[in-house]
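Colleague: Please model the complete structure; the sequences and the hints are all you need to start from.
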Amino acid sequence: MRCLIVDDEPLAHAILSDYIRKVPFLELVGATTSPIDALSRVQLGEVDLVFLDIQMPELTGIQFLKLVERAVGGNKCRVILTTAYSDYALEGYEHDVVDYLLKPVSFERFYRAVQKLFPKNEPTTPAVVDPAPDDSRNPTPSPAAIPSGSAPKEFIFVKTEYRLQRVSLPDILYCEGLKDYVSLYTIGDGSQPERMLTLQTMKSLEEKLPDNQFIRVHKSYIVAVNRIESIERNRIYIGKAVIPIGDTYRDAFYRIIES
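When we follow this note's numbering, the leftmost residue of the sequence shown carries the number 1, and every step to the right adds one.
No wet-lab data here; the hints were simulated from the structure.
Keep in mind that a hint or two might mislead.
[Said to hold, decoys possible] Calculated lysine-lysine pairs in the BS3-like style (CA-CA distance at most 25 angstroms, straight line): (1) K103 / K159; (2) K219 / K159; (3) K159 / K22; (4) K208 / K179; (5) K219 / K203; (6) K66 / K22; (7) K66 / K153; (8) K116 / K22; (9) K179 / K159.
Modeller: Okay, structure coming up:
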C-alpha cells in the first residue's frame with residue numbers, strides 16, 4: 001500500500017517513515033507538512049493510505065477527512081489518524097478512519113493499526129521483515145504476531161511536557177510511576193542519576209521497554225536488569241536507590257534472576 005505521512009512535526013515524519021519501511025506490505029511515497037498538498041495527491045489517486053495528524057495550521061485533520069470524502073467518495077484512500085490528543089477519537093471514527101494512534105506511537109501499536117487494513121479471514125497475514133526465530137514475548141506466535149526483530153532495540157521516545165525526547169535504553173536505571181506521570185532515571189554526570197518526567201502511565205511505558213532488558217518489580221517501579229547491583233530482603237539496590245519488590249511481582253522477578 002502506498003503511504004503518505006501528513007504531519008507538521010519532523011520527528012513524527014522520522015518515526016513513521018522508519019515504521020513504514022519495516023513493514024513489507026507498505027511503501028512510503030511521501031511525507032509532507034502541507035495537508036493541501038496531501039489532498040491533491042489523494043485526489044490524483046497516488047496514495048492508498050494516509051497517516052494524518054489532526055492539529056495542523058493550514059487545515060485540521062478532521063477538515064481534511066471531510067474534503068477527502070467529498071472528493072473521492074471516502075473509499076479510495078484509507079486514513080489512520082496520529083495525534084497527541086485523544087479528544088478527536090470519536091469524531092475521527094465517524095469519518096471511517098482505520099485507526100487512531102496516540103503519540104508517541106510504538107511500533108507494536110502501529111503494526112496493529114495497519115493490520116486492520118486486511119480482512120481477518122485472509123489465509124495469510126503479511127509479516128514484518130527479518131523475524132526473529134524465537135520471540136520470548138510470544139512462545140507460540142500466530143501468523144499475525146509481531147516478531148521481536150533481528151536487531152535489539154536501542155532507544156525509545158518518551159513524551160515530556162514540550163516534546164518527544166529520545167532516550168537510550170542502556171542509559172535507563174529505573175522508572176518510578178507517579179499516577180499519570182513516570183519519572184525516568186538515567187545515567188547522569190556520574191555523581192547522581194538524571195531524572196526525566198514523562199507524560200504517560202507505567203503500563204504504556206512497560207509496553208515500550210524490551211522485556212529481556214527491563215522488568216516490573218512493583219506497581220510503581222520498573223528496573224533495568226543489567227543495572228541491578230544487589231538484592232537483599234526483597235529490596236533492589238541500584239546506586240543509592242533502594243527499590244522495593246512488590247508481592248505481586250516477587251515470584252516472577254526471582255524466576256528471571258535465577259535463570
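Colleague: Please go over all the hints and tell whether each is borne out by the structure.
Modeller: Here's how the hints hold up against the structure:
1. K103 / K159: OK: K103 and K159 at ~8 angstroms, within 25 angstroms.
2. K219 / K159: With a Cα-Cα distance of about 21 angstroms, the restraint between K219 and K159 holds, given a limit of 25 angstroms.
3. K159 / K22: holds (23 angstroms)
4. K208 / K179: Judged against 25 angstroms, a Cα distance of about 18 angstroms means the pair holds.
5. K219 / K203: holds (9 angstroms)
6. K66 / K22: Given that 25 angstroms is the threshold and the Cα spacing comes to 30 angstroms, the pair is violated.
7. K66 / K153: With a Cα-Cα distance of about 38 angstroms, the restraint between K66 and K153 is violated, given a limit of 25 angstroms.
8. K116 / K22: holds (17 angstroms)
9. K179 / K159: Distance ~15 angstroms between K179 and K159 Cα, so the pair holds.
The structure is inconsistent with the numbered hints 6, 7, although it conforms to all the rest.
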